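Peer 1: Following the hints, complete the assembly by docking chain B onto the known chain A.
Single-letter residue listing:
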Amino acid sequence: MAKVAYYPGCALKERSSHLDRSARDATAKLGFELDELEAWTCCGAVPPVSKERIMNLIAPSRILKDVRDSDRKMLVTICDFCYNTLKRTNYSIRTDEIIRKRVNDFLADNAPVRIYLEEDKTPWLEYEGEVKVLHLMEYLRDELGYAKITEKLKRSLKGLKIAPYYGCVMLRPQNEIQLDDPENPTIMEDFVRALEAEPVKYPYRNECCGSYLSVSNPDASTRLCHRILSSAIKNEADAIVVSCPLCFYNLDSRQKAVLDAYPDFKTVPVFYFTQLLSLALGNDVNRQGFEKHYIDVSPALEKIGNSGEGDKT
Amino acid sequence: MYSRIGLDSPDNPPIQLDRTKVRGEFGLRVDELSGQQLYACYQCGNCSSGCPLAQEMDILPSRIMRLAQLGQKEEIIQSKTIWICASCFQCTVRCPKGIDIQAVIDTLRQIALEEGVDHFGPDQIDCKHAAEVPQPGLVGVYRKLST
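So the sequences go chain by chain: A and B. Per numbering that gives the first Met the number 0, the first sequence starts with residue 0, numbered consecutively. Per numbering that gives the first Met the number 0, the second sequence starts with residue 0, numbered consecutively.
Isolated chain A, as found in the complex (with noise of 0.2 Å):
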């Protein structure tokens, strides 16, 4: 089976297993394995701000490193956080020579300390931006193709009406990022018509769910989260589709409070597009881990029909 460089970040490793899991077992059913890297650190979550605190792209660009010195070309992740930061730093080194000269002069210096690692033979070589950071979409999308997805569904997901969730820092910002259009974005409305199910279009589904606001303000977090739930309800949503730990958790478990809030609104079950891709590939529904979403998924899971089938693999 094909391999490809994987990248899960922490959040995939314990609080989002289920996103990691449904990925694999998604991706081994369209022929392809991913490959997670044999040594990784925390990428950083977001990315400096100044061109002179070049400690916090240190990390990102040492795993980068890794993965070119490996001879890999490709390094695919999931979690938005960790696409936006590592795509940006590997842009920054790549265009900014004072950027690319800083981050090597101290990876460099830094190399003896990692020996305990691995004993590194190979000549030291620059890091200059080589590998290309994807999203686990974005791959299915440009390499795979979404036609390829649609010739292997087992279980056709027609009937279900399903409103993608885009949030903030997988698009944007564009010059770097280079997805999709920022303000008319595509790629999840096409990932949702390769499952056979029907996208919703909704004003909110590329505003900011809060993001980190959830730890430090969680009231206003809530009120962004009614606000793009109630417009993708309104628009008829079965379910929400994202890509994102933290706007999954923003969106499903914070309807808790956005109930306590406002005690007329009506919950949505949400989804990772990985679970849906999965399942849309016959896999189990056990294997998804439902048990870890706040929000009930089986009104959606009903609409589908044959929720209980698939093969148990």
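Be aware that a few hints might be false.
[Unchecked claim] Keeping only pairs whose Cα atoms sit at most 27 Å apart, straight-line, the calculated BS3-like set for lysine-lysine is:
no., chain 1, residue 1, chain 2, residue 2
1, A, Lys265, A, Lys302
2, A, Lys160, A, Lys265
3, A, Lys50, B, Lys79
4, A, Lys255, A, Lys265
5, A, Lys265, B, Lys127
6, A, Lys131, A, Lys72
7, A, Lys200, A, Lys151
8, A, Lys131, B, Lys79
9, B, Lys127, A, Lys291
10, A, Lys255, A, Lys233
11, A, Lys147, A, Lys2
12, A, Lys28, A, Lys2
13, A, Lys200, A, Lys153
14, A, Lys255, B, Lys127
15, A, Lys302, A, Lys233
16, A, Lys12, A, Lys28
17, A, Lys160, A, Lys72
18, A, Lys50, B, Lys127
19, A, Lys153, A, Lys131
20, A, Lys12, B, Lys127
21, A, Lys12, A, Lys265
Hints listed in this document are in silico derivations from the structure and should not be mistaken for laboratory results. In this text the structure is predicted, and so the values were computed from the model without any measurement.
Peer 2: Same frame as chain A, but now just chain B:
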């Protein structure tokens, strides 16, 4: 409830402008750290109208830009706005002058943090909450709102 949010006249006396502040050290520092040009902003207000969190802010993003141009460091670092920004880049994407406004706000946060006070420290988090929030939220909040 939010009818005039961000547009009410300030409680404080009007700001005092003087030559040492306008185009002074503060503005130059913001330009240098953020890699942007504050004076490129011509106050169209697009950032404020697109900001999903504008209604939570005491000073709108476009006004923050103007205050920064005029070197009003105190007004800015005492505002709620810089701590409410969720770094979603909506303003950056929509700025017709191509200013990375999010980078400017981030820089202003950095400058405020240099004054020594963490806006959000480890003691302020609800433990039960901390056990549930995915790690990017925890790492993000401390990277953005504390030193």
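Peer 1: So, for every hint listed, does it hold in this structure?
Peer 2: Now for the hints, and whether the structure bears them out:
{"no.": "1", "hint": "A:Lys265 / A:Lys302", "in the structure": "18 Å, holds"}
{"no.": "2", "hint": "A:Lys160 / A:Lys265", "in the structure": "16 Å, holds"}
{"no.": "3", "hint": "A:Lys50 / B:Lys79", "in the structure": "25 Å, holds"}
{"no.": "4", "hint": "A:Lys255 / A:Lys265", "in the structure": "11 Å, holds"}
{"no.": "5", "hint": "A:Lys265 / B:Lys127", "in the structure": "25 Å, holds"}
{"no.": "6", "hint": "A:Lys131 / A:Lys72", "in the structure": "6 Å, holds"}
{"no.": "7", "hint": "A:Lys200 / A:Lys151", "in the structure": "26 Å, holds"}
{"no.": "8", "hint": "A:Lys131 / B:Lys79", "in the structure": "38 Å, violated"}
{"no.": "9", "hint": "B:Lys127 / A:Lys291", "in the structure": "16 Å, holds"}
{"no.": "10", "hint": "A:Lys255 / A:Lys233", "in the structure": "19 Å, holds"}
{"no.": "11", "hint": "A:Lys147 / A:Lys2", "in the structure": "17 Å, holds"}
{"no.": "12", "hint": "A:Lys28 / A:Lys2", "in the structure": "13 Å, holds"}
{"no.": "13", "hint": "A:Lys200 / A:Lys153", "in the structure": "26 Å, holds"}
{"no.": "14", "hint": "A:Lys255 / B:Lys127", "in the structure": "15 Å, holds"}
{"no.": "15", "hint": "A:Lys302 / A:Lys233", "in the structure": "18 Å, holds"}
{"no.": "16", "hint": "A:Lys12 / A:Lys28", "in the structure": "21 Å, holds"}
{"no.": "17", "hint": "A:Lys160 / A:Lys72", "in the structure": "37 Å, violated"}
{"no.": "18", "hint": "A:Lys50 / B:Lys127", "in the structure": "36 Å, violated"}
{"no.": "19", "hint": "A:Lys153 / A:Lys131", "in the structure": "31 Å, violated"}
{"no.": "20", "hint": "A:Lys12 / B:Lys127", "in the structure": "20 Å, holds"}
{"no.": "21", "hint": "A:Lys12 / A:Lys265", "in the structure": "31 Å, violated"}
Hint check: violations occur at hints 8, 17, 18, 19 and 21; the rest are consistent with the structure.
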